[in-house]
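Asker: Sequence:
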Amino acid sequence: MPYDDYHNLRFERCQHGVLLITIDRPEKLNATDERLHSELAGVWREVARDPDAEAVVVTGAGRAFSAGGDLEMVERMSGDYRRVAAMAGEAAELVLGMIDCQVPIISAINGTAVGAGLAVALMADISVIGESVRLTDGHLRLGVGRVLDEALEIAGRIAAGPRQAARWTKRTLNHWLRVAVPAFDAGVAYEMLSFLGEDVREGASALRERREPRFED
1 MPYDDYHNLR
11 FERCQHGVLL
21 ITIDRPEKLN
31 ATDERLHSEL
41 AGVWREVARD
51 PDAEAVVVTG
61 AGRAFSAGGD
71 LEMVERMSGD
81 YRRVAAMAGE
91 AAELVLGMID
101 CQVPIISAIN
111 GTAVGAGLAV
121 ALMADISVIG
131 ESVRLTDGHL
141 RLGVGRVLDE
151 ALEIAGRIAA
161 GPRQAARWTK
171 RTLNHWLRVA
181 VPAFDAGVAY
191 EMLSFLGEDV
201 REGASALRER
211 REPRFED
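In terms of my numbering, the sequence shown has 102 at position 102, counting the first letter as 1, and numbering is strictly consecutive.
Keep in mind that the hints were calculated from the coordinates and are not lab data.
It is possible that some hints are incorrect.
[To be verified] Derived DEER-like restraints, expressed as beta-carbon distance ranges:
#1 V179 / G203: 30 to 40 Å
#2 A206 / P51: 28 to 38 Å
#3 R171 / R76: 18 to 28 Å
#4 Q15 / D199: 47 to 57 Å
#5 R208 / F184: 46 to 56 Å
#6 E153 / F215: 45 to 55 Å
We put the beta carbon where it would ideally sit given N, CA and C, even for glycine.
Can you make the complete structure from the sequences, with help from the hints?
Answerer: Written out as structure tokens, the structure is:
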């Protein structure tokens, strides 16, 4: 099975060829460590090759969709060029993988979505989220079950419809994202530069010590 080697992603086959992917690190609010980040980047290639996947729903286990980068991972990345370069490559792989995956992707956003989790949540072709939900605060008035049920219902309708029409429509709608890839590459590069400076160390220390950061010029 192509999904057997995944540790932090859980896979479930649903009706009509819908594949449910659950980010499964609830004890950390599904925060991304190195392994989860790598899995989120690479899974879309597997989905694209899956002959049984007609549509995909992605959600998070527990109270969050994904609460951003794991603080310990951020500290390990700080000043480490190889780690930062690898993370930049995976960020590009994640975004381009979702754009190029011909299978329609629906996100069921069930709480906080930050960092790579926010990318997955909003790069989906359809995002299901409660009207009052803020992606950065984790307060959810539309219950987890209702969000997921709605996403699965949408995925089921798409999966039961004309497969080729759905896939070519997705490719057409995502064409403008492919055109913007050079700007995305520049954005990732600038973001990764911050991991090589002192600010990220101070920011991580402030979070761990529950104090205001003291950034220097």
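Asker: Indicate, hint by hint, whether the structure satisfies it.
Answerer: For each hint, the structure was consulted:
no., hint, in the structure
1, V179 / G203: 30 to 40 Å, "33 Å, holds"
2, A206 / P51: 28 to 38 Å, "48 Å, violated"
3, R171 / R76: 18 to 28 Å, "37 Å, violated"
4, Q15 / D199: 47 to 57 Å, "48 Å, holds"
5, R208 / F184: 46 to 56 Å, "31 Å, violated"
6, E153 / F215: 45 to 55 Å, "46 Å, holds"
When held up to the earlier numbered hints, the structure conflicts with 2, 3, 5 and fits the remainder.
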